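Starting from the known structure of chain R, fit chain A onto it as the hints suggest.
The primary structure of each chain is shown beneath.
Protein chains: 2
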Amino acid sequence: MPGRPIRELGEDRVLSRFRALALGTVGADVVVGSGDDAAVLRCPGTVEGPATSGPHRDLLLLFACDMMVEDVHYRFDWAEPRQVGWKAMVQNLSDIAAMGGSPTAAVASIAAGGDLSEDVLSGIGEGLVAAASRYGAALVGGDLVGSPGPVVVDVSILGWVHPDHLLLRRGARPGDTVLVTGSVGAAAAGLAARHQAVGEAESTLLTEALRSHHEPCPRLDEAHAIAGTGLATAMMDLSDGLVTDLPRLCEQSGVGARIRTGAVPVGRACTYVATMLGLSDLRLALAGGEDYELLLTCPSERVPELRSTVIEQTGTEVTAIGEVTSDRKVVFLDADGREQDFGRGFDHFAAVRRVQ
Amino acid sequence: MPGRPIRELGEDRVLSRFRALALGTVGADVVVGSGDDAAVLRCPGTVEGPATSGPHRDLLLLFACDMMVEDVHYRFDWAEPRQVGWKAMVQNLSDIAAMGGSPTAAVASIAAGGDLSEDVLSGIGEGLVAAASRYGAALVGGDLVGSPGPVVVDVSILGWVHPDHLLLRRGARPGDTVLVTGSVGAAAAGLAARHQAVGEAESTLLTEALRSHHEPCPRLDEAHAIAGTGLATAMMDLSDGLVTDLPRLCEQSGVGARIRTGAVPVGRACTYVATMLGLSDLRLALAGGEDYELLLTCPSERVPELRSTVIEQTGTEVTAIGEVTSDRKVVFLDADGREQDFGRGFDHFAAVRRVQ
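Taken in sequence, the protein lines are chains R and A.
Sequential numbering from 1040 applies to the first sequence in our numbering.
Sequential numbering from 1040 applies to the second sequence in our numbering.
Honestly, the hints are just simulated from the structure, not real lab data.
Note that the coordinates shown come from a computational prediction; the quantities given were computed from them, not determined experimentally.
Where a beta carbon is used, it is the ideal one built from N, C-alpha and C, also for glycine.
Fair warning: there could be bad hints in the mix.
Claimed, not checked - Just a sample of chain A residues kept apart from chain R, beta carbon distances all over 10 angstroms, derived: (1) 1110; (2) 1147; (3) 1195; (4) 1311; (5) 1341; (6) 1348; (7) 1351; (8) 1364; (9) 1368.
As the list claims (entries may be wrong) - Covered stretches of chain A, as calculated for chain R (at least 3 residues, CB under 8 angstroms): (10) 1043 to 1055; (11) 1182 to 1191.
Excised from the complex, chain R in its bound form (with noise of 0.2 angstroms):
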């Protein structure tokens, strides 16, 4: 019998399958194999052991990849190649600072027609080395093939973090308060307006959620300043929308988690952009997806001290939006504690078909 097709499985069930395939290559060289933001490596020729001996010895790799589809992620009439390739590189340096770490190098592979456009693809290129170098990485090396179907860009990373400062998914405690730094919304309300053909010249707002959308920044100051604290117990990057994201930090735990909408920093583009379409700046905001910020959990008597030392260090609010719960549920409640359903964020096999 052949297998079902990949849509009717869901991303997150294709994922854990493929994530249990890999689960027997896990080796002595790997601390946190596939399930995360990254993979957490020891670097090669470091004695196996506690990973907090030495203050350089033990430092820990960190191994990503993110890969963008034409016409499914981006499209080269709303987005410039430049922006593309920035993009693509922002993704991975996110999954970094998911990890509470830095990075170092990163490859780039690119499927491409032989009628493309050489200036597409060297924008493409300099929208990766313009990310990288901006955020202290090397682009070191990568692969361009032939393609007949869309442009395809994936980048794999390299980062290390301190094993003092690394920071999982898995982590979070009941009880614990789940924050969210900066706001959100802003980059699924850029995404709204390219869709309904709103121009760009209206308003800042606007531009600035056409500029989330296009050039998302990764939040690695704010996640050195958070991972510096020592204080959070699980963090994530928001790449999907908190509506999906969550429930994979919950899962990756084994707890649960109360969200009161209300308290979700909307970003003001969003709401100005949401308003502009008659669209839900709320659902824009937990469903939309694309915001980098960082999601994380923290126990709730030093969130006081986590908030004022991120706000000091980078200028960046970070936002309590709810609590760790027990009973592994994720639940989003309106301001008088009714449950409200968002669906589910972006899911890449929902909505593609393979027109091959």
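Chain A in isolation, oriented as in the chain R frame:
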């Protein structure tokens, strides 16, 4: 003016443009950036300086990626999904071998349509894991994204090498002997047989050719034996065929080469299949690619020592096929000393149109 289509530039010029872009980002941790089989990095936390001062501290990291596209690099009516995954991983393992290194960990990104069967996806995953495990690496993460186009598999690999064993494409010197491990041409013969729809049960040599094409093996043991001698001056792996890859090695070394085509170790399976199909086995062997044998140079007087060490440690022959020259030209000569033209090997952009 819009740029030219990249097909007109050719793969190597496109790649060198990309390399020029990346040069600006070479930082303190980068020992060798783009342009070799893998980038060479210092482990994070390593003090800058001569990389040979300690037994463990100064192991170098290797970082590379290779992408495969359905209907360009493989076809599902010719290859089992497991073979697709295997080969995608082996390409990367071979890049690590080419540097004299050992693979540690890999990540894999896959783009696929929602109606791809879960069995196909699982098969690819099993092949990735099987090849990684077989050669001592762990598959530690990945990305899985929807795409309306062909299935794309991109693997990135991390390895390590002792600085004394690092072998680069640069380093070949005029007068050095050019050598190749094992034999070449079987993979190209296997591909040619597929194109002519020749069945698998015909003979063991045909089966061997098909296997070489679908399930290549990286020459890691041979690479370690070669690197251990300290005698090789330059090395790379043969992924695109001698006529394409040797000029790359020569360019990096600032030299040329004169190859005696009669000395090239053409595989028995290649000759058998070529005869069956009415093709030139020499052309398949030189221009065909995907052999994943090692191409290396060594001072002429040390060749016997290098060859006997490698065959003793691995059982694999290393064959002298020509010599390095100072004139920056790569020529292939027949038994009478006449220059032969085999064109170029596989160019990713010459053949592929963007059909979207």
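| field | Violations among the numbered hints | value | 1, 2 and 3
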